[in-house]
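For this one, chain A is given, so just place chain B on it according to the hints.
Residue numbers (the working numbering), protein chains in the order written: chain A, 35 to 595; chain B, 55 to 487.
These are calculated hints, taken from the structure and not from any lab test.
Here a beta-carbon is modelled for each residue, glycine too, at the ideal position from N, C-alpha and C.
Watch out, some of these pointers could steer you wrong.
[To be verified] Some chain A residues near chain B, calculated using beta-carbon distances under 8 Å:
hint	residue
1	Phe77
2	Gln151
3	Asn257
4	Arg538
5	Gly557
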Amino acid sequence: MQRGVHWGTASVALAIGAFLFVFLVAPVLAVVYTAFSDGQGGFTLAHFASFAQISLMRESFANSLYVATTTVILATVIAVPLAYLTVRFQFRGAVAIQTLGVLPLVMPAFVGAAAMQLIFGRSGAVNLILKENFGFTLPIMEGLNGVVFVETLHYFPFILLNLAASLAAIDSSMEEAAQNLGASGWRLFRKVVFPLALPGYIAGASLVFIKVFDDLGTPLVLNVTNMLAPQAYLRVTSIGLEDPIGYVICVILVAFSIGAMAGSWWFVKRRDFALVSRGGAQAPKRKLNGLQTALAYGWIVGVLLLVLSPHIGLLLMSLFKVWSFSVLPEQFTLAHYATVFADSKQMIWNTLLYCGLAALLDVILGTAIAYIVLRTTLPGRQLLDHLVTVALAMPGLVLGIGYLRTFKGWELPFDMGALTASWLIFVIAYAVRRLPYALRSCMAALTQVHPALEEAAENVGAGRWRTIRRVVVPLMAGGIVAGFVTSFITAAGEISETILLTSRESLAPMSYGIYLYFQSIAGRGPGAALGVLAVAIVALGTYVSHKLAAAAAPHQSGDRK
Amino acid sequence: MIASLRLTLAAAVAAAFLPLAASGETITVVTSFPKELTAAYKKAFEAKFPSDKLEILNKNTAAGIAYVREQPVGQRPEVFWASAPDAFEVLAKAKLLQKIGPGNPAIPAKVGNYPVNDPEGFYRGQALAGYGLMWNTRYMKANNVPEPKEWADLVRPAYFGHLAISSPSRSGTTHLTVETILQGEGWAKGWEQMLAICGNSAAITERSFGVPDGVSNGQYGIGLVIDFFGLAAKNSGMPVEFVYPSVTSIVPANIALIEGAKSSAAGMRFIDFTLSEEGQTLLLQKEISRLPVLPSIYAKAPAGYPNPFGGKIQAKVNFDSNLSESRYFIVRSMFDQMITFRHKELVAATKAIHDAERRLKGKASPQLAEARKLAFSPIIDERAASDEKLQALFRAEKSNAEATKQKAKVEEDWATKAKANYARAAELASSAK
Numbered sequence: 035m036q037r038g039v040h041w042g043t044a045s046v047a048l049a050i051g052a053f054l055f056v057f058l059v060a061p062v063l064a065v066v067y068t069a070f071s072d073g074q075g076g077f078t079l080a081h082f083a084s085f086a087q088i089s090l091m092r093e094s095f096a097n098s099l100y101v102a103t104t105t106v107i108l109a110t111v112i113a114v115p116l117a118y119l120t121v122r123f124q125f126r127g128a129v130a131i132q133t134l135g136v137l138p139l140v141m142p143a144f145v146g147a148a149a150m151q152l153i154f155g156r157s158g159a160v161n162l163i164l165k166e167n168f169g170f171t172l173p174i175m176e177g178l179n180g181v182v183f184v185e186t187l188h189y190f191p192f193i194l195l196n197l198a199a200s201l202a203a204i205d206s207s208m209e210e211a212a213q214n215l216g217a218s219g220w221r222l223f224r225k226v227v228f229p230l231a232l233p234g235y236i237a238g239a240s241l242v243f244i245k246v247f248d249d250l251g252t253p254l255v256l257n258v259t260n261m262l263a264p265q266a267y268l269r270v271t272s273i274g275l276e277d278p279i280g281y282v283i284c285v286i287l288v289a290f291s292i293g294a295m296a297g298s299w300w301f302v303k304r305r306d307f308a309l310v311s312r313g314g315a316q317a318p319k320r321k322l323n324g325l326q327t328a329l330a331y332g333w334i335v336g337v338l339l340l341v342l343s344p345h346i347g348l349l350l351m352s353l354f355k356v357w358s359f360s361v362l363p364e365q366f367t368l369a370h371y372a373t374v375f376a377d378s379k380q381m382i383w384n385t386l387l388y389c390g391l392a393a394l395l396d397v398i399l400g401t402a403i404a405y406i407v408l409r410t411t412l413p414g415r416q417l418l419d420h421l422v423t424v425a426l427a428m429p430g431l432v433l434g435i436g437y438l439r440t441f442k443g444w445e446l447p448f449d450m451g452a453l454t455a456s457w458l459i460f461v462i463a464y465a466v467r468r469l470p471y472a473l474r475s476c477m478a479a480l481t482q483v484h485p486a487l488e489e490a491a492e493n494v495g496a497g498r499w500r501t502i503r504r505v506v507v508p509l510m511a512g513g514i515v516a517g518f519v520t521s522f523i524t525a526a527g528e529i530s531e532t533i534l535l536t537s538r539e540s541l542a543p544m545s546y547g548i549y550l551y552f553q554s555i556a557g558r559g560p561g562a563a564l565g566v567l568a569v570a571i572v573a574l575g576t577y578v579s580h581k582l583a584a585a586a587a588p589h590q591s592g593d594r595k
Numbered sequence: 055m056i057a058s059l060r061l062t063l064a065a066a067v068a069a070a071f072l073p074l075a076a077s078g079e080t081i082t083v084v085t086s087f088p089k090e091l092t093a094a095y096k097k098a099f100e101a102k103f104p105s106d107k108l109e110i111l112n113k114n115t116a117a118g119i120a121y122v123r124e125q126p127v128g129q130r131p132e133v134f135w136a137s138a139p140d141a142f143e144v145l146a147k148a149k150l151l152q153k154i155g156p157g158n159p160a161i162p163a164k165v166g167n168y169p170v171n172d173p174e175g176f177y178r179g180q181a182l183a184g185y186g187l188m189w190n191t192r193y194m195k196a197n198n199v200p201e202p203k204e205w206a207d208l209v210r211p212a213y214f215g216h217l218a219i220s221s222p223s224r225s226g227t228t229h230l231t232v233e234t235i236l237q238g239e240g241w242a243k244g245w246e247q248m249l250a251i252c253g254n255s256a257a258i259t260e261r262s263f264g265v266p267d268g269v270s271n272g273q274y275g276i277g278l279v280i281d282f283f284g285l286a287a288k289n290s291g292m293p294v295e296f297v298y299p300s301v302t303s304i305v306p307a308n309i310a311l312i313e314g315a316k317s318s319a320a321g322m323r324f325i326d327f328t329l330s331e332e333g334q335t336l337l338l339q340k341e342i343s344r345l346p347v348l349p350s351i352y353a354k355a356p357a358g359y360p361n362p363f364g365g366k367i368q369a370k371v372n373f374d375s376n377l378s379e380s381r382y383f384i385v386r387s388m389f390d391q392m393i394t395f396r397h398k399e400l401v402a403a404t405k406a407i408h409d410a411e412r413r414l415k416g417k418a419s420p421q422l423a424e425a426r427k428l429a430f431s432p433i434i435d436e437r438a439a440s441d442e443k444l445q446a447l448f449r450a451e452k453s454n455a456e457a458t459k460q461k462a463k464v465e466e467d468w469a470t471k472a473k474a475n476y477a478r479a480a481e482l483a484s485s486a487k
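Bound conformation, chain A alone (with noise of 0.2 Å):
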């Protein structure tokens, strides 16, 4: 269904890419713009040279590069044999590993890893425990080994799921045909499944790569301040928005996220996946003879009591007084919900203002995107949806650096007072970086919306707006409410962004209330607490998504081509 430029469409449009230049190009252009700067405005590489003389930075840099590989490494090691059995065997694990994909997503990495070092730390429980009994430690929570363990388990799922949806995708017969010629076990997987679901991985491990490279929250609780986006924070808010090398190191992460980005599509794009068929005859699933079956499930009861073990840390710290060199915390309490039901009922309520109206607005905003780029022929409009998608490689560190230097001094009509400084500027931020996510649950639900329902509507008289407010919307609410859920649940786990942003508390999300209970003693337990319900909330939100995401998937299979 071809149509003509359309005037309220081309408005529309404009106003999104507006949008996006204000609270994403610019911002970032006027960190990559700092960093080139020689105060008068002309071009420099000084900024970069003095960034290389300084050793720390260089260390800085080789340790983000040595965390994120690493994890990236040891996440495919978790995750490979996980998603091989959920997709090629015949067994009840299945259900154990969809859980596994979901559990660390629910709880943001820098919560788990404060309830880690309890678990895992110099005198954890493990180390207590193998002391005890083996007479030695093993230093699983120092420096980088720390961070790297923490986002391993945190950020597995991206490869597992990735891959998972890959693997599912192989046609059989490929496998079959690989079997007639006489390969099996770990040839047959290295040779053919593993290089046919390929993409999938790539995409999941360059997505992990990202993330972990740019993670702000989980050195910081754990420490440790020799790498990059550590390095930048400081940078910025002790020496001060005017430190150039903050903003170098801004432009480095930009350029890592970016490139790995864009590296893992052209690697897709450059080799042929494409299979003859695809998708049809769903391989036969594999039965287990007693040995496999005892190894699959001996690695899916490890991964989840690991994947486990924050969450479990968590409500232990939530609940006790005193966890203090002892296996177990000690005496029971349910003083520090009392503590935040009086003192953080704000930050919860933030939390569901700030992620709420940020998921609306990018909803609203991904809603008529995919209008834009599916239905319409409006000259650029591909752009829009690759703005979208640069969102998904930046920074939240950087974002917020960016905010802060653009937005200096902007003032809000009605004397609202400036605009960093006001609660808007979390809901711009939040919805920034999550209108990906809610871009690609708008445009699967549009693309299964089929065109002839809209000229319907409007061979019976309705004009366009209508047929989009009455039919088109209504059709896609199950992707939009997915959309939603999905962006409300990644903001209220945000912290790099967070911390940059929160300039009172009144005005602080739960995350910042969890950073900040995380700075005392009698803290600690208060912050568990909030951290419980963070996960409560994100929860029952994934679930939610979970549920509607089933129920609209038939009622639009009819329409499916």
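Just chain B now, kept in the frame of chain A:
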């Protein structure tokens, strides 16, 4: 579905205007103090002055200074409330504080030899703090570590890998601890002690709070902390102990009115409240455990509560905040370049030195002496640190590209030298005969 979305929208729009509804005056307080302290003051103050609203802006001291500096006149927060007096000196020098003079007349002018309020009237002491050692009793027992009494004890091999300290650039209170040691022991000896202590440390934490946190949950044995961290942890039931060593200084934690704020009168109201009988009593709360500046409050304190006015805490050092302020950025940077960022190498050198001592069983060795000198000497001497040109360079505006570059070069020079010294020290110590 649409109906529910609409509902959400309506609720969101209604909610959106709620933050605007607050009327009366808002007092913004920039502070490095933990949430339980700020929450207690917020509650008590707002109960007493229902039309005022207290906004807490929690930042570590260095970030707090940077924040105030970057706000335009008229938008600045009202009150700055933090431990380190030198941070207030930095703010006063930058003309960011209003002269408010001393407050409550019942508060004595001096504690020991140290003035409670700023003699120039820019800030007031709000609570007193001493620096000391905190340890986890379970950790000490399990690892057979003896209880320390003095800073100097901590350089011994028995403490290797059991200590924790923060860095002055990240924590104003640690900066004070370091300055106290430098002033109490002298520049060269102070740094020697500092370096040896840090060489024994398991970690240099990101925030001053990382130390008491790690000690109270048993990750580290002993931490160098400001007293209330230790006292609050102990009073909250953690298995920890706290002592003041003799080289400590009792220094006020301060509060000041920021120049160019929106509602100075309301800010002043809060400052006076914190110094009133009511405001001072809050300090005694179990999870706050700070030392009031109002001596009459100690009568209400539980038994065993330290009282700096009773002469029980021996403070040998008369802290010179002008000296501290003049080399503020240099000490910060030296600590980071020599210790924070080169901690791994420093620890390796320290370990090699301890090992050599054990091997040589007290026998004198020129290599070992040389190794100690290399590992535990400050990178510049006191004269160089008081050089005005160097001090000016470290105080220069960050947008000054030339100064930034020069400073980066100086710092890089320190870092490279420190790294080479540690490597050489480790090498000498392991081959010492």
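query = Does Gly557 (chain A) pass the interface hint, meaning its C-beta sits closer than 8 Å to a C-beta of chain B?
reply = 5 Å, holds
ask   = Does the nearest C-beta of chain B fall within a distance shorter than 8 Å of the C-beta of Gln151 (chain A)?
value = 7 Å, holds
ask   = Are Phe77 (chain A) and chain B close enough, Cβ to Cβ, to be under 8 Å, as the hint says?
value = 13 Å, violated
task = Using Cβ atoms only, decide whether Arg538 (chain A) comes closer than 8 Å to chain B, and label the hint accordingly.
result = With a closest approach of 5 Å, the Arg538 (chain A) hint holds.
inquiry  = Quick check on Asn257 (chain A) please, does its C-beta sit within 8 Å of some C-beta on chain B?
reply    = Holds: closest Cβ of chain B sits about 5 Å from Asn257 (chain A), inside 8 Å.
Hint check: a violation occurs at hint 1 only; the rest are consistent with the structure.
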